[in-house]
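Each residue of the sequence shown is one higher than the last, beginning at 17 in our numbering.
It is possible that some hints are incorrect.
[Claimed, not checked] Heads up, simulated BS3-like pairs for lysine-lysine below, C-alpha to C-alpha not over 30 Å straight-line:
1) K338 - K307
2) K189 - K157
3) K186 - K143
4) K284 - K307
5) K143 - K157
[Stated by the list, open to error] Pairwise CB distance ranges, derived in the manner of DEER restraints:
6) R452 - G347: 15 to 21 Å
7) E191 - R452: 28 to 34 Å
8) T361 - G218: 33 to 39 Å
The hints are simulated quantities; they were obtained by calculation from the structure and are not laboratory data. The structure displayed is predicted, hence computed values, not measured ones. Glycine is no exception: its CB is placed at the ideal position from the N, C-alpha and C atoms.
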Amino acid sequence: MPPPASCAAAAESVRSAGLPVTSRRRGPAGAANRRRARRPDRPARLSSGPPRSAPVRLQPGAGPARLYRSRCAPPPESPGYRLSCVASWRRRRRRNIDLASAFSQGSRAARRPLEKALRKRWRRLLKAIRFDRFGGPEELKLVDLPDPQPGPGELLIEVHAVSVVPGDWKLRKGELTAIFPVRPPKVPGRDGAGIVRAVGAGVDGYAVGDRVCFTCQHVDQGSYAQLAVRPVDDVVPMPEGFGFVEAAAVMHAGVCAWIAVVETAGVKAGDRVLVHAAAGAIGGMAVQLCKHLGAEVTGTCSERNRGHVAALGCDRIVPYDKVAFETAVSGQDVVIDLVGGAVHTRSYGVLRPGGMLVWLIAAPFEDRSAGLDIEVRQAMILDNLEILASVVGLAEAGHLRPLVSRVLPLDRAAEAHRILEAGENTRGRLVLETQRFAA
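Hey, can you work out the whole structure from these sequences and the hints?
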(Lines of atoms letter the chains of each structure in order from A and count residues from 1; the text may use other names and numbers.)
(Lines give C-alpha, C1' and ligand atoms only; values in the text may rest on other atoms or scores of the structure.)
Protein backbone atom coordinates (compact mmCIF):
# COMPACT_ATOMS: atom_id res chain seq x y z
CA MET A 1 0.00 0.00 0.00
CA PRO A 2 1.54 3.38 -1.03
CA PRO A 3 2.05 5.94 1.71
CA PRO A 4 -0.62 8.67 2.16
CA ALA A 5 -0.06 11.78 0.06
CA SER A 6 -0.82 14.24 2.85
CA CYS A 7 -1.28 14.53 6.60
CA ALA A 8 -5.05 14.70 6.14
CA ALA A 9 -5.01 11.45 4.16
CA ALA A 10 -2.84 9.86 6.81
CA ALA A 11 -5.27 10.94 9.52
CA GLU A 12 -8.19 9.51 7.58
CA SER A 13 -6.40 6.16 7.18
CA VAL A 14 -5.74 6.07 10.91
CA ARG A 15 -9.40 6.82 11.68
CA SER A 16 -10.55 4.09 9.31
CA ALA A 17 -8.40 1.63 11.28
CA GLY A 18 -10.23 2.61 14.47
CA LEU A 19 -7.22 4.32 16.03
CA PRO A 20 -7.26 7.74 17.75
CA VAL A 21 -5.47 10.55 15.98
CA THR A 22 -4.99 12.94 18.87
CA SER A 23 -2.02 12.61 21.21
CA ARG A 24 -1.57 13.47 24.87
CA ARG A 25 2.15 13.81 24.36
CA ARG A 26 3.44 17.29 25.02
CA GLY A 27 5.29 19.12 22.28
CA PRO A 28 4.40 20.63 18.92
CA ALA A 29 2.63 17.55 17.54
CA GLY A 30 0.46 16.99 20.59
CA ALA A 31 -0.35 20.69 20.88
CA ALA A 32 -1.36 20.87 17.21
CA ASN A 33 -3.75 17.96 17.60
CA ARG A 34 -5.32 19.48 20.70
CA ARG A 35 -5.87 22.74 18.82
CA ARG A 36 -7.42 20.79 15.98
CA ALA A 37 -9.91 19.23 18.39
CA ARG A 38 -11.15 22.77 19.04
CA ARG A 39 -10.91 23.78 15.34
CA PRO A 40 -11.92 20.82 13.14
CA ASP A 41 -11.21 22.81 9.96
CA ARG A 42 -7.47 22.27 10.45
CA PRO A 43 -5.81 19.01 9.35
CA ALA A 44 -4.45 16.59 11.93
CA ARG A 45 -0.76 16.49 12.62
CA LEU A 46 0.70 13.05 13.21
CA SER A 47 3.65 12.32 15.43
CA SER A 48 5.03 9.15 16.84
CA GLY A 49 6.52 11.29 19.62
CA PRO A 50 10.06 11.19 20.91
CA PRO A 51 11.55 7.80 21.67
CA ARG A 52 11.94 6.69 25.25
CA SER A 53 15.25 7.88 26.59
CA ALA A 54 17.62 5.84 28.76
CA PRO A 55 16.65 5.76 32.45
CA VAL A 56 18.20 8.33 34.73
CA ARG A 57 20.84 6.64 36.85
CA LEU A 58 22.82 7.45 39.92
CA GLN A 59 26.48 8.19 39.34
CA PRO A 60 28.45 5.15 40.59
CA GLY A 61 29.69 5.59 44.11
CA ALA A 62 27.65 8.74 44.74
CA GLY A 63 24.49 9.59 46.65
CA PRO A 64 21.07 9.90 45.06
CA ALA A 65 21.46 13.63 44.36
CA ARG A 66 24.20 13.12 41.75
CA LEU A 67 22.75 11.98 38.45
CA TYR A 68 23.92 10.91 35.08
CA ARG A 69 22.31 13.13 32.47
CA SER A 70 19.93 11.13 30.37
CA ARG A 71 20.11 11.73 26.61
CA CYS A 72 17.47 11.47 23.93
CA ALA A 73 18.01 9.51 20.76
CA PRO A 74 19.27 11.53 17.76
CA PRO A 75 16.41 13.86 16.74
CA PRO A 76 14.48 13.35 13.50
CA GLU A 77 14.25 16.01 10.82
CA SER A 78 11.57 18.07 12.54
CA PRO A 79 12.87 20.89 14.81
CA GLY A 80 9.62 20.67 16.76
CA TYR A 81 10.25 16.99 17.36
CA ARG A 82 13.64 17.84 18.85
CA LEU A 83 12.15 20.52 21.10
CA SER A 84 9.63 17.97 22.33
CA CYS A 85 12.46 15.63 23.31
CA VAL A 86 14.29 18.36 25.18
CA ALA A 87 11.19 19.51 27.04
CA SER A 88 10.35 15.95 28.04
CA TRP A 89 13.90 15.33 29.26
CA ARG A 90 13.88 18.54 31.32
CA ARG A 91 10.63 17.60 33.05
CA ARG A 92 11.92 14.12 33.92
CA ARG A 93 15.20 15.53 35.18
CA ARG A 94 13.42 18.06 37.41
CA ARG A 95 11.25 15.30 38.91
CA ASN A 96 14.26 13.10 39.61
CA ILE A 97 16.31 15.90 41.14
CA ASP A 98 13.39 16.91 43.36
CA LEU A 99 13.05 13.30 44.49
CA ALA A 100 16.77 12.97 45.18
CA SER A 101 16.83 16.27 47.06
CA ALA A 102 13.93 15.21 49.25
CA PHE A 103 15.66 11.92 49.97
CA SER A 104 19.01 13.46 50.91
CA GLN A 105 17.61 16.36 52.96
CA GLY A 106 14.53 14.85 54.59
CA SER A 107 14.19 13.11 57.91
CA ARG A 108 14.43 9.34 58.20
CA ALA A 109 10.63 9.04 58.36
CA ALA A 110 10.24 11.21 55.28
CA ARG A 111 12.84 9.22 53.38
CA ARG A 112 11.22 5.82 53.81
CA PRO A 113 8.43 6.25 51.23
CA LEU A 114 10.97 7.63 48.74
CA GLU A 115 13.36 4.67 48.90
CA LYS A 116 11.19 2.43 46.76
CA ALA A 117 10.75 5.12 44.12
CA LEU A 118 14.46 5.80 44.03
CA ARG A 119 15.30 2.13 43.61
CA LYS A 120 12.89 1.83 40.72
CA ARG A 121 14.25 4.90 38.97
CA TRP A 122 17.94 4.17 39.43
CA ARG A 123 20.13 1.12 39.38
CA ARG A 124 23.33 1.98 41.21
CA LEU A 125 26.53 0.43 39.89
CA LEU A 126 29.40 -0.25 42.28
CA LYS A 127 33.06 -0.03 41.37
CA ALA A 128 35.25 -3.08 41.90
CA ILE A 129 38.67 -4.43 40.94
CA ARG A 130 38.48 -7.72 39.06
CA PHE A 131 40.72 -9.97 36.99
CA ASP A 132 39.08 -11.89 34.13
CA ARG A 133 42.03 -14.21 33.56
CA PHE A 134 45.17 -15.24 35.41
CA GLY A 135 48.24 -13.13 34.72
CA GLY A 136 50.20 -10.05 35.76
CA PRO A 137 49.04 -6.94 37.63
CA GLU A 138 47.76 -5.47 34.36
CA GLU A 139 44.90 -8.00 34.51
CA LEU A 140 43.37 -6.06 37.42
CA LYS A 141 40.65 -3.86 35.93
CA LEU A 142 38.29 -1.31 37.46
CA VAL A 143 34.80 -2.50 36.50
CA ASP A 144 31.15 -1.66 37.18
CA LEU A 145 29.15 -4.38 38.90
CA PRO A 146 25.49 -4.46 39.97
CA ASP A 147 24.70 -4.01 43.63
CA PRO A 148 24.76 -7.29 45.56
CA GLN A 149 21.83 -8.03 47.85
CA PRO A 150 22.17 -9.69 51.27
CA GLY A 151 20.46 -13.03 51.76
CA PRO A 152 19.35 -14.61 55.02
CA GLY A 153 22.11 -14.41 57.61
CA GLU A 154 24.13 -11.89 55.56
CA LEU A 155 25.09 -8.22 55.72
CA LEU A 156 25.58 -5.76 52.87
CA ILE A 157 28.67 -3.71 53.74
CA GLU A 158 29.79 -0.46 52.14
CA VAL A 159 33.52 -1.15 52.05
CA HIS A 160 35.88 1.73 52.84
CA ALA A 161 39.29 0.03 53.19
CA VAL A 162 40.84 -3.36 52.38
CA SER A 163 44.32 -4.71 52.99
CA VAL A 164 46.42 -6.14 50.16
CA VAL A 165 47.93 -9.49 51.16
CA PRO A 166 50.54 -11.64 49.36
CA GLY A 167 47.92 -14.28 48.66
CA ASP A 168 46.04 -11.77 46.48
CA TRP A 169 48.77 -11.51 43.85
CA LYS A 170 49.55 -15.22 44.03
CA LEU A 171 45.88 -15.95 43.39
CA ARG A 172 45.83 -13.47 40.49
CA LYS A 173 48.82 -15.26 38.88
CA GLY A 174 47.11 -18.64 39.25
CA GLU A 175 49.70 -19.99 41.69
CA LEU A 176 47.17 -21.05 44.34
CA THR A 177 44.68 -22.95 42.19
CA ALA A 178 45.87 -26.28 43.63
CA ILE A 179 44.82 -25.07 47.08
CA PHE A 180 41.92 -22.76 46.23
CA PRO A 181 39.71 -23.84 43.28
CA VAL A 182 39.29 -20.32 41.92
CA ARG A 183 38.28 -19.49 38.36
CA PRO A 184 38.14 -15.99 36.84
CA PRO A 185 36.39 -13.62 36.78
CA LYS A 186 37.40 -12.94 40.37
CA VAL A 187 37.31 -9.95 42.70
CA PRO A 188 40.31 -10.41 45.04
CA GLY A 189 40.50 -9.28 48.65
CA ARG A 190 40.80 -11.07 51.97
CA ASP A 191 39.42 -8.55 54.47
CA GLY A 192 38.01 -5.07 54.87
CA ALA A 193 36.30 -2.48 57.01
CA GLY A 194 33.18 -0.46 56.32
CA ILE A 195 29.59 0.39 57.20
CA VAL A 196 26.53 -1.88 57.23
CA ARG A 197 24.10 -0.74 54.53
CA ALA A 198 21.52 -3.55 54.62
CA VAL A 199 20.72 -6.43 56.95
CA GLY A 200 19.52 -9.82 55.71
CA ALA A 201 16.72 -11.84 57.26
CA GLY A 202 17.51 -13.54 60.54
CA VAL A 203 20.46 -11.30 61.45
CA ASP A 204 20.51 -9.98 65.02
CA GLY A 205 22.97 -7.60 66.63
CA TYR A 206 23.65 -5.40 63.60
CA ALA A 207 21.84 -2.41 62.18
CA VAL A 208 22.26 -0.13 59.18
CA GLY A 209 25.05 2.34 59.94
CA ASP A 210 27.15 0.05 62.16
CA ARG A 211 30.91 0.19 61.53
CA VAL A 212 32.31 -3.31 61.06
CA CYS A 213 35.35 -5.37 60.02
CA PHE A 214 35.10 -8.58 58.02
CA THR A 215 37.13 -11.30 56.34
CA CYS A 216 36.69 -13.18 53.05
CA GLN A 217 38.04 -16.49 51.84
CA HIS A 218 40.00 -16.72 48.60
CA VAL A 219 37.25 -18.88 47.12
CA ASP A 220 34.67 -16.11 47.72
CA GLN A 221 34.23 -12.92 45.75
CA GLY A 222 36.58 -10.65 47.64
CA SER A 223 36.67 -7.20 49.15
CA TYR A 224 38.26 -5.04 46.40
CA ALA A 225 34.87 -3.41 45.84
CA GLN A 226 32.69 -0.61 47.14
CA LEU A 227 30.06 -3.08 48.37
CA ALA A 228 30.41 -6.61 49.70
CA VAL A 229 27.98 -9.18 51.08
CA ARG A 230 29.34 -11.26 53.95
CA PRO A 231 27.85 -13.92 56.25
CA VAL A 232 27.31 -12.52 59.71
CA ASP A 233 29.84 -15.05 61.10
CA ASP A 234 32.60 -13.30 59.11
CA VAL A 235 31.78 -9.87 60.55
CA VAL A 236 32.70 -8.20 63.85
CA PRO A 237 32.24 -4.65 65.16
CA MET A 238 35.12 -2.35 64.35
CA PRO A 239 37.53 -1.64 67.24
CA GLU A 240 36.55 1.48 69.14
CA GLY A 241 38.62 4.48 68.08
CA PHE A 242 39.94 2.85 64.88
CA GLY A 243 39.58 4.30 61.41
CA PHE A 244 38.71 2.16 58.40
CA VAL A 245 42.33 1.94 57.22
CA GLU A 246 43.64 0.86 60.63
CA ALA A 247 40.85 -1.66 61.10
CA ALA A 248 41.50 -3.25 57.69
CA ALA A 249 45.23 -3.47 58.46
CA VAL A 250 44.52 -5.43 61.66
CA MET A 251 42.04 -8.01 60.37
CA HIS A 252 43.77 -10.62 58.19
CA ALA A 253 47.22 -10.03 59.68
CA GLY A 254 45.84 -10.35 63.20
CA VAL A 255 43.93 -13.52 62.37
CA CYS A 256 47.04 -15.17 60.85
CA ALA A 257 49.19 -14.18 63.82
CA TRP A 258 46.59 -15.46 66.30
CA ILE A 259 46.30 -18.84 64.57
CA ALA A 260 50.10 -19.23 64.36
CA VAL A 261 51.00 -18.02 67.86
CA VAL A 262 48.01 -18.99 70.00
CA GLU A 263 46.23 -21.90 68.32
CA THR A 264 49.13 -23.68 66.59
CA ALA A 265 52.21 -22.93 68.73
CA GLY A 266 50.41 -22.40 72.04
CA VAL A 267 52.92 -19.75 73.13
CA LYS A 268 52.86 -19.07 76.86
CA ALA A 269 54.67 -16.86 79.34
CA GLY A 270 58.41 -17.53 79.51
CA ASP A 271 58.69 -19.17 76.07
CA ARG A 272 61.56 -18.14 73.83
CA VAL A 273 60.15 -17.34 70.38
CA LEU A 274 61.91 -16.47 67.12
CA VAL A 275 59.72 -14.59 64.61
CA HIS A 276 60.99 -14.39 61.04
CA ALA A 277 60.04 -11.31 58.98
CA ALA A 278 59.14 -9.45 62.16
CA ALA A 279 58.72 -6.14 60.31
CA GLY A 280 55.95 -7.45 58.07
CA ALA A 281 52.23 -7.26 58.71
CA ILE A 282 51.80 -10.78 60.14
CA GLY A 283 55.26 -10.80 61.74
CA GLY A 284 54.59 -7.51 63.51
CA MET A 285 51.28 -8.84 64.84
CA ALA A 286 53.00 -12.07 65.95
CA VAL A 287 55.64 -10.08 67.88
CA GLN A 288 52.94 -8.06 69.65
CA LEU A 289 50.92 -11.19 70.48
CA CYS A 290 53.95 -13.02 71.89
CA LYS A 291 54.86 -10.04 74.05
CA HIS A 292 51.28 -9.80 75.29
CA LEU A 293 51.45 -13.49 76.29
CA GLY A 294 54.69 -12.92 78.20
CA ALA A 295 57.18 -14.58 75.85
CA GLU A 296 60.77 -13.53 75.17
CA VAL A 297 60.81 -12.54 71.50
CA THR A 298 63.64 -12.43 68.96
CA GLY A 299 62.84 -11.00 65.54
CA THR A 300 64.64 -11.12 62.21
CA CYS A 301 64.42 -8.14 59.86
CA SER A 302 66.59 -5.94 57.65
CA GLU A 303 68.87 -3.38 59.25
CA ARG A 304 66.72 -0.49 58.02
CA ASN A 305 63.66 -1.95 59.79
CA ARG A 306 65.44 -2.42 63.11
CA GLY A 307 63.85 0.64 64.71
CA HIS A 308 60.37 -0.37 63.54
CA VAL A 309 60.70 -3.87 65.04
CA ALA A 310 62.18 -2.52 68.27
CA ALA A 311 59.12 -0.29 68.66
CA LEU A 312 56.92 -3.40 68.55
CA GLY A 313 58.60 -4.69 71.71
CA CYS A 314 61.13 -7.23 70.40
CA ASP A 315 63.63 -8.20 73.09
CA ARG A 316 66.32 -9.00 70.53
CA ILE A 317 66.72 -8.15 66.85
CA VAL A 318 68.82 -10.05 64.30
CA PRO A 319 69.40 -8.13 61.02
CA TYR A 320 69.45 -10.89 58.42
CA ASP A 321 71.30 -8.72 55.90
CA LYS A 322 74.27 -8.52 58.29
CA VAL A 323 74.15 -11.71 60.36
CA ALA A 324 73.09 -15.30 59.62
CA PHE A 325 70.37 -15.82 62.21
CA GLU A 326 71.33 -19.47 62.88
CA THR A 327 74.73 -18.30 64.15
CA ALA A 328 73.19 -15.73 66.50
CA VAL A 329 70.17 -17.59 67.89
CA SER A 330 69.77 -20.96 69.61
CA GLY A 331 67.66 -22.79 72.17
CA GLN A 332 64.32 -21.43 70.98
CA ASP A 333 61.05 -23.01 72.12
CA VAL A 334 59.12 -21.83 69.05
CA VAL A 335 60.03 -20.51 65.60
CA ILE A 336 57.32 -18.67 63.62
CA ASP A 337 58.41 -19.01 59.97
CA LEU A 338 56.75 -16.43 57.70
CA VAL A 339 59.39 -16.63 54.95
CA GLY A 340 59.85 -20.25 53.87
CA GLY A 341 62.44 -21.60 51.47
CA ALA A 342 66.01 -21.71 52.82
CA VAL A 343 64.94 -19.85 55.97
CA HIS A 344 62.66 -22.75 56.83
CA THR A 345 65.45 -25.31 56.45
CA ARG A 346 67.94 -23.25 58.46
CA SER A 347 65.43 -22.77 61.29
CA TYR A 348 65.68 -26.41 62.46
CA GLY A 349 69.04 -25.76 64.07
CA VAL A 350 67.89 -22.89 66.33
CA LEU A 351 65.25 -24.94 68.18
CA ARG A 352 65.85 -26.75 71.45
CA PRO A 353 64.96 -30.47 71.63
CA GLY A 354 61.19 -30.69 71.87
CA GLY A 355 60.75 -27.27 70.26
CA MET A 356 58.22 -26.41 67.56
CA LEU A 357 58.56 -24.91 64.09
CA VAL A 358 55.32 -23.26 62.90
CA TRP A 359 55.11 -22.25 59.25
CA LEU A 360 52.65 -20.38 57.07
CA ILE A 361 54.78 -20.26 53.91
CA ALA A 362 57.37 -22.82 52.86
CA ALA A 363 58.63 -24.41 49.68
CA PRO A 364 58.43 -28.22 49.54
CA PHE A 365 60.85 -29.49 52.16
CA GLU A 366 62.09 -32.69 53.73
CA ASP A 367 60.63 -33.02 57.21
CA ARG A 368 63.61 -33.75 59.48
CA SER A 369 61.72 -33.12 62.71
CA ALA A 370 61.79 -36.75 63.94
CA GLY A 371 65.57 -37.02 63.76
CA LEU A 372 66.02 -33.70 65.55
CA ASP A 373 63.33 -34.24 68.21
CA ILE A 374 61.33 -31.21 67.18
CA GLU A 375 57.78 -30.73 65.91
CA VAL A 376 56.81 -29.07 62.63
CA ARG A 377 53.29 -27.70 62.26
CA GLN A 378 51.50 -25.71 59.60
CA ALA A 379 49.27 -22.85 60.74
CA MET A 380 46.01 -23.43 58.85
CA ILE A 381 44.38 -20.06 58.29
CA LEU A 382 40.69 -20.80 58.77
CA ASP A 383 38.79 -17.79 60.07
CA ASN A 384 35.98 -18.07 62.57
CA LEU A 385 33.96 -15.63 64.63
CA GLU A 386 35.77 -16.44 67.88
CA ILE A 387 39.18 -15.60 66.38
CA LEU A 388 37.87 -12.40 64.80
CA ALA A 389 36.39 -11.28 68.11
CA SER A 390 39.65 -12.07 69.94
CA VAL A 391 41.72 -10.04 67.48
CA VAL A 392 39.36 -7.07 67.63
CA GLY A 393 39.28 -7.24 71.43
CA LEU A 394 43.09 -7.15 71.65
CA ALA A 395 43.25 -4.28 69.17
CA GLU A 396 40.65 -2.32 71.10
CA ALA A 397 42.57 -2.91 74.34
CA GLY A 398 45.78 -1.60 72.74
CA HIS A 399 47.65 -4.92 72.64
CA LEU A 400 47.63 -5.09 68.82
CA ARG A 401 48.70 -1.93 67.03
CA PRO A 402 47.75 -1.58 63.34
CA LEU A 403 50.77 -1.49 61.04
CA VAL A 404 50.08 0.50 57.86
CA SER A 405 52.92 1.04 55.39
CA ARG A 406 51.05 2.78 52.59
CA VAL A 407 47.52 3.76 51.53
CA LEU A 408 46.43 3.81 47.86
CA PRO A 409 43.10 4.48 46.11
CA LEU A 410 41.14 1.56 44.70
CA ASP A 411 42.05 2.16 41.06
CA ARG A 412 45.76 1.74 41.90
CA ALA A 413 45.32 -1.88 42.96
CA ALA A 414 47.62 -3.04 40.15
CA GLU A 415 50.39 -0.82 41.54
CA ALA A 416 49.81 -2.31 45.00
CA HIS A 417 50.21 -5.82 43.57
CA ARG A 418 53.44 -4.83 41.80
CA ILE A 419 54.86 -3.47 45.07
CA LEU A 420 54.07 -6.66 46.97
CA GLU A 421 55.20 -8.97 44.20
CA ALA A 422 58.54 -7.18 43.96
CA GLY A 423 59.05 -7.50 47.72
CA GLU A 424 59.17 -3.73 48.20
CA ASN A 425 56.64 -3.65 51.04
CA THR A 426 58.53 -5.07 54.02
CA ARG A 427 56.93 -3.06 56.80
CA GLY A 428 53.28 -3.45 57.78
CA ARG A 429 50.23 -3.64 55.52
CA LEU A 430 49.46 -1.89 52.25
CA VAL A 431 45.82 -0.72 52.26
CA LEU A 432 43.40 0.30 49.48
CA GLU A 433 40.70 2.91 50.12
CA THR A 434 37.77 1.66 48.06
CA GLN A 435 35.75 4.89 48.04
CA ARG A 436 38.69 6.95 46.73
CA PHE A 437 40.04 7.10 43.17
CA ALA A 438 43.24 8.54 41.72
CA ALA A 439 41.65 9.45 38.40
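These are the hints, each one checked on the structure:
no.: 1; hint: K338 - K307; in the structure: holds, 25 Å
no.: 2; hint: K189 - K157; in the structure: holds, 14 Å
no.: 3; hint: K186 - K143; in the structure: holds, 23 Å
no.: 4; hint: K284 - K307; in the structure: holds, 10 Å
no.: 5; hint: K143 - K157; in the structure: holds, 10 Å
no.: 6; hint: R452 - G347: 15 to 21 Å; in the structure: violated, 49 Å
no.: 7; hint: E191 - R452: 28 to 34 Å; in the structure: holds, 29 Å
no.: 8; hint: T361 - G218: 33 to 39 Å; in the structure: violated, 50 Å
Checked against the numbered hints above, the structure breaks hints 6 and 8 and satisfies the rest.
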